[in-house]
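The lines below spell out each chain.
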Amino acid sequence: EAQVTQNPRYLITVTGKKLTVTCSQNMNHEYMSWYRQDPGLGLRQIYYSMNVEVTDKGDVPEGYKVSRKEKRNFPLILESPSPNQTSLYFCASSQGTGGNQPQHFGDGTRLSIL
Amino acid sequence: AQSVAQPEDQVNVAEGNPLTVKCTYSVSGNPYLFWYVQYPNRGLQFLLKYITGDNLVKGSYGFEAEFNKSQTSFHLKKPSALVSDSALYFCAVRVTRGNTGKLIFGQGTTLQVKP
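Just so you know, the sequences run in chain order S and W.
Heads up: the first sequence begins at -17 in our numbering, then just goes up one per residue.
Heads up: the second sequence begins at 2 in our numbering, then just goes up one per residue.
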């Protein structure tokens, strides 16, 4: 089954404790992206990757890191999480890099930073 | 600045009535436009897209959307709403000039269909 898998689905942690949210897709998609969803703000793009070893900032990259060493994986790293990063996070992927293909989303990761 | 606006936080309709969820955008160049739906505790699901061509596009679950270049709008419509259509709907724009990796979402509109 074609899917985007995020782990963990839920995480409660404390300020400053490094964490990684994994994202994996099995569709051989070139494009992958991370978003955060906050009430009243919709989804905001954190980082995206057009292909392996190619990443770029979205609209809200501060406090986050990503890497794309393999085509299928695109982990999101919070080196020193803070309470304002408490949010619902989504990973997505799409075919090609031209932008005309829809994105496939994971089911989300709810992070709570205390 | 590039942006997408969904002017209504919530739309309420009765089952069987037509529905419209509004979206306007402001981007440079010719945009690629998308609608997604989100059910509770799930990721977004693709409904339909406009890339080029016919201004009326048809998508999943009987939804359609009309692209209006002069009004920079891309409203989502359905002739007859179902209770199961109740969900959170997002309009999104992919820029086509310059940095084509960026995707901009509206803030979302909750659709409530009452029996």
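Don't take every hint at face value.
Some chain S residues judged to face chain W by a derived CB distance under 10 Å, without partners named [said to hold, decoys possible]: (1) Asn(-11); (2) Pro(-10); (3) Ser15; (4) Gln19; (5) Gly24; (6) Leu25; (7) Arg26; (8) Gln27; (9) Ser31; (10) Val36; (11) Gly45; (12) Tyr46; (13) Gly80; (14) Gln85; (15) Gly90; (16) Ser94.
Hints are computed from structural coordinates only; laboratory data are not their basis.
Note that CB positions come from ideal geometry on N, CA and C, so glycine has one too.
Hint check results:
Interface restraint check for Asn(-11) of chain S: the shortest CB-CB distance to chain W comes to about 14 Å, outside 10 Å, so the restraint is violated. Given the 10 Å rule on beta carbons, the hint for Pro(-10) of chain S is violated: about 14 Å separates it from the nearest Cβ of chain W. Taking 10 Å as the C-beta contact cut-off toward chain W, the hint placing Ser15 of chain S at the interface holds, the least distance being around 7 Å. Interface restraint check: Gln19 of chain S against chain W, minimum CB-CB distance 8 Å, threshold 10 Å, status holds.
Given hint, Gly24 of chain S at the interface with chain W, holds; its Cβ is 4 Å from that chain's nearest Cβ, closer than 10 Å. Against a cut-off of 10 Å between C-beta atoms, the interface hint on Leu25 of chain S holds, since the closest Cβ of chain W lies about 4 Å away. Of the supplied interface hints, the one on Arg26 of chain S holds, with its beta-carbon coming within about 7 Å of a beta-carbon of chain W, less than 10 Å. A cut of 10 Å between beta carbons decides the hint on Gln27 of chain S: the least distance to chain W is about 6 Å, and the hint holds.
Taking 10 Å as the C-beta contact cut-off toward chain W, the hint placing Ser31 of chain S at the interface holds, the least distance being around 8 Å. About 9 Å separates the beta-carbon of Val36 of chain S from the nearest beta-carbon of chain W, less than 10 Å, and the hint is met. Of the supplied interface hints, the one on Gly45 of chain S is violated, with its beta-carbon coming no nearer than about 19 Å to a beta-carbon of chain W, more than 10 Å. Hint on Tyr46 of chain S is violated. Least Cβ distance to chain W is approximately 16 Å, over the 10 Å limit.
Using the Cβ-Cβ criterion of 10 Å, the hint placing Gly80 of chain S at the interface with chain W is satisfied: the shortest such distance is roughly 7 Å. At its closest, the beta carbon of Gln85 of chain S sits 7 Å from a beta carbon of chain W; the interface hint therefore holds under the 10 Å criterion. Below 10 Å, beta-carbon pairs count as interface contacts, and Gly90 of chain S has one with chain W at about 6 Å; its hint therefore holds. Checking Ser94 of chain S against chain W by beta carbon gives a least distance of about 16 Å; that is not within 10 Å, so the hint is violated.
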